[in-house]
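Undergrad: The lines below spell out each chain.
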Amino acid sequence: MRFVRWLLGFVFLAGIIIIIFAYLRIEPQAKLMLYLLISFLLSLFRVLKGPTPADRAIATDIFGILVIGFCGILAVYTGRDWYMDIAIAWALQSFIGALALAKFIEGKSFDE
Amino acid sequence: MNEIIALIFIVVGITFDMFGCIGLVRMPDIYNRLQASTKCVTLGTCGILFGVLIKFGFTAAGVKAFICIIFLLLTAPVSAHALARATHRSGVKLWGKSVCDKYEEDKDALS
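Taken in sequence, the protein lines are chains A and B. Position one of the first sequence corresponds to residue 1205 (this note's numbering), numbered consecutively onward. Position one of the second sequence corresponds to residue 2 (this note's numbering), numbered consecutively onward.
Watch out, some of these pointers could steer you wrong.
As the list claims (entries may be wrong) - Once the Cα atoms are required to be at most 20 Å apart in a straight line, the calculated SDA-like pairs of lysine to any residue come out as:
1) A:K1307 to A:F1249
2) A:K1307 to B:Y32
3) A:K1307 to B:H82
4) A:K1253 to B:V26
5) A:K1235 to B:M19
6) A:K1307 to B:V79
7) A:K1307 to B:K108
8) B:K94 to B:E105
9) A:K1235 to B:I9
Please keep in mind that the hints were generated in silico from the structure rather than gathered at the bench. Quick caveat, the model's predicted, so the values are computed rather than measured.
Using the sequences and the hints given, assemble the complete structure.
TA: Below, the structure is given as structure tokens:
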């Protein structure tokens, strides 16, 4: 049963990757953005499913990191500067949010 | 030539991001998940931003990408360590097949 679940997940992911790489007729940069969107969906799956609250905190942290990379790819793809401003602001906000979530999970108040 | 090197860095970064997120779904334990998914910060997103730096050169956007790389390299291990410590202190058990837990052994000596 465990092996069947592993095989189903592997076939699903590999199928999506091969379909995007070989059969979609779009530009190469758009293909890169679609690969990044798959990893967004995987981290959102962990946010929805995760057994403990700490799982969701870690998944939201990784989600913020992925948004920074997505802003970088958009800056290359469209050639505009201000996407990097969004990336820096999101990095600051993600760090503060992760520390606040760590305090909240530990069960202490913020000035302790 | 610059654009090809930048594209190579961006492709490597996206590959590591995908591997980190697959590890986030696949691993059995919260500590294993944290260890697998924090790898996608340093080589994944910093690889993408380094590609942006190579593509734009030292213009405004490139320098902003460089600042963002330094900030991520400084703060991502700090936040990961804070999350792992808070998780361990809130009482989440390790996976059944984990070998050793040094923080649990040292907790009595520390407090």
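Undergrad: State for each hint whether it applies.
TA: Consistency of the hints with the structure:
no. : hint               : in the structure
1   : A:K1307 to A:F1249 : violated (24 Å)
2   : A:K1307 to B:Y32   : holds (17 Å)
3   : A:K1307 to B:H82   : holds (12 Å)
4   : A:K1253 to B:V26   : holds (10 Å)
5   : A:K1235 to B:M19   : holds (13 Å)
6   : A:K1307 to B:V79   : holds (13 Å)
7   : A:K1307 to B:K108  : holds (19 Å)
8   : B:K94 to B:E105    : holds (10 Å)
9   : A:K1235 to B:I9    : holds (14 Å)
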